[in-house]
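Asks: Line by line, the protein sequences give chains A and B.
Numbering of the first sequence is given in my numbering, commencing with residue 326 and proceeding in unit increments.
Numbering of the second sequence is given in my numbering, commencing with residue 51 and proceeding in unit increments.
Simulated from the structure, these hints should not be mistaken for lab results.
Treat the hints loosely; a few may be bogus.
What the hints assert, rightly or not - Stretches of chain B that chain A covers, calculated by requiring three or more beta carbons in the stretch to come under 8 Å of a beta carbon on chain A: (1) 88-97; (2) 306-313.
What the hints assert, rightly or not - Straight-line alpha carbon distances no greater than 25 Å define the calculated DSS-like cross-link-like pairs of lysine-lysine that follow: (3) A:K575 / B:K63; (4) B:K237 / B:K191; (5) B:K324 / B:K263; (6) A:K631 / A:K607; (7) A:K631 / A:K642; (8) A:K642 / A:K607; (9) A:K526 / A:K411; (10) A:K411 / A:K574; (11) B:K237 / B:K306; (12) B:K63 / A:K574; (13) A:K526 / A:K459; (14) A:K599 / B:K310; (15) A:K330 / B:K63; (16) B:K237 / A:K476; (17) B:K65 / A:K330; (18) B:K303 / B:K191; (19) A:K574 / A:K607; (20) B:K310 / A:K476; (21) A:K476 / B:K63.
All C-beta atoms in this analysis are idealised placements derived from N, C-alpha and C, irrespective of residue type, glycine included.
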Amino acid sequence: MASLKRLETEFPILDPDFQSFCALRGIFTVQDFLIRDLQSLVADAEQQPSSERFMQAINQVLYVIDGLHQPWLNGVDLMEDAQKNKHVLSTGCEGMDFLLRGGLRRGQVTELAGPSSSGKTQFCLLTASTVAYKHMGGVIYIDTGNSFSAKRIARFLNQISCPASEEMQPRVLQEVMNSILCHSVYDIFSMFDVLHCLESKLKYQVMCRGDNDERLIIIDSISSLITPILGSSGSQGRALMVSAMSLLKKLAHEYNLAVLVTNHTVGGDGGIPKPALGESWKTLPHVRLLLSRDCGSNTYQVSLLKHPSIASGKAAKFIIND
Amino acid sequence: MEVGRLPISAALKGKLVSAGYTSLSLLSSLSPSHLARDLNISENEALDILNHAPHDGRIDTSGGHHIISGAQTAWDMLHEEELLTRITTSSVDIDNILGGGISCREVTEIGGVPGIGKTQLGIQLAVNVQLPVHCGGLGGKAIYIDTEGSFMVERVLQIAEACWDDMLANNAISQNVHAGQVGMQPKDFLENILYFRVCSYTEQIALINYLDKFISEHRDVKIVVVDSITFHFRQDFEDMALRTRLLSGMALKLMKLAKKFCLAVVLLNQVTTKYAEGSFHLTLALGDSWSHACTNRIILYWNGNERYAYIDKSPSLRSASAPYAVTARGIRNNVSNCKRIKLM
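The shape of chain A in the complex, shown without the other chains (with noise of 0.2 Å):
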């Protein structure tokens, strides 16, 4: 909310008589301005002898704040958006697409929370290079532990582009990966200034070309990033975790974007795994999975606790192969 005076070397019809004039009433900033009657301000203005400027001064500041909240959509723009934009990526794995009705949709945060080794980092890994490779889209992912592992990487991009188990040629795998971007970060902080950055690139590709290369942000695992501030004394963890988690949810929504984040599970009633990061975090992402993993094998078991088109306590089986 800016204050009068710094919109006037933006628009100089708000010269200092009218910046006098609202001073008068009490009103300094853009936030005054919504906040006071306007209709007695007219009044009042229609009464001043420089009534025209002040009316054009008035009608221009109302003009600003318009062009500052989003394009109201009725439905069937949504639906338009929705099959044109909102499609599904299928995530390489079987069972999780069955499960998910396709995939992981465009426009959605998905959450996946898991006890420890529970096959979180592999799953992320595999929908990377799926992604990758089927849908020919950029993967930004966002690495919390030094667990991203091209080797694996590139296994999973095998064993999806020749079943027959023949290496995949080094010139495919090389355009194929170059789309996999990893960043590493430690702290909220960091990830913020990466998402910042993602945004700007993501705006000036729109601008140039009318559709941006990238369609999955992974982050393995957000969790790791939130739990050092959550719970100390006042809310700035909540409130960063929620501001991080509405900068995702608006990506996701603008660009096309899907996003797949990470959490980790703490004990919870009778010694069941829960999601960790407490109840506020629980309205945050549209999507959320629980894994667990089959006692030293390859098999996994994911169920649904919460999806906005599909009942929840779902279950599903898949196997991840070596």
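Let chain A serve as the given structure and place chain B on it in line with the hints.
Replies: Chain B only, in chain A's frame:
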């Protein structure tokens, strides 16, 4: 509101918002004295805030190569991973399941019951990292952080002497002998282990915060062994929420150290019992919230009379176990005394 993303205190954020600065673009063309006057804070604080605000407006217009600074493509990382050398554990079986040894740029957690050989393995790695690259080491120094007091210098000397004998035996066979390495005596191994003794959790956290500066001055450190990481956090901690925050913060700092200076971080951990699915299991201490703080996890356990190492968590290695033995010469392969034929 975008100023919520700046790493500054909540009081300063409140002052920024009430003065009308809610988005970062408003801060971009401001001078520190102007900001200080507006917010009624000192000029140093204003300068601090402006330094944290990212520099907007510099969108990458160089067409083809749209890489955000600090990112690497998976293809580049693949080549880097192939070039990365590993630290041998002196047991060929364990090295095999680890893909060559303990890898750098990763945090490896090793846990097991008391007496299984965790400290022995830690000492062996601290000695092995000093070996030249062709012998399985990295030619670097080691930092050993001891929280329990289980570091025995005489044992280190014993292991170093055994290592030195092995190296001589190997060099006698091969013709290429570096003059520098032949000059290494067993006592030199002791010189290259930097030892810190930590007596409380605050000291531990302070030390890990200090390691960043320390390692930038001692660039030849290639491994940090912490024995054991959980000791001071297990007893007498009243505030569990604080413990979780401290531990996760510590885990992130260690990850950052491993990546930034390209060294291996080895954390030794104790075990505890957990009640799950109707029975008691042995599981690593500090619970689920700590268990995601490492990149790889190796669990040491007894199988009959033999010691085994099992890979519990790894992004790229298969789950496998290997036997090993703790001998007077350090960690070595398990030479089974059993006369029965082993079924493969």
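Asks: Now look at each hint and say whether the structure bears it out.
Replies: Here is what the structure says about each hint:
no. : hint            : verdict
1   : 88-97           : violated (count 0)
2   : 306-313         : holds (count 3)
3   : A:K575 / B:K63  : holds (23 Å)
4   : B:K237 / B:K191 : holds (14 Å)
5   : B:K324 / B:K263 : violated (38 Å)
6   : A:K631 / A:K607 : holds (9 Å)
7   : A:K631 / A:K642 : holds (17 Å)
8   : A:K642 / A:K607 : holds (24 Å)
9   : A:K526 / A:K411 : holds (20 Å)
10  : A:K411 / A:K574 : holds (13 Å)
11  : B:K237 / B:K306 : violated (32 Å)
12  : B:K63 / A:K574  : holds (23 Å)
13  : A:K526 / A:K459 : holds (23 Å)
14  : A:K599 / B:K310 : violated (33 Å)
15  : A:K330 / B:K63  : holds (22 Å)
16  : B:K237 / A:K476 : violated (39 Å)
17  : B:K65 / A:K330  : holds (19 Å)
18  : B:K303 / B:K191 : holds (20 Å)
19  : A:K574 / A:K607 : holds (15 Å)
20  : B:K310 / A:K476 : holds (20 Å)
21  : A:K476 / B:K63  : violated (43 Å)
Against the hints set out earlier in the document, violations occur for numbers 1, 5, 11, 14, 16, 21.
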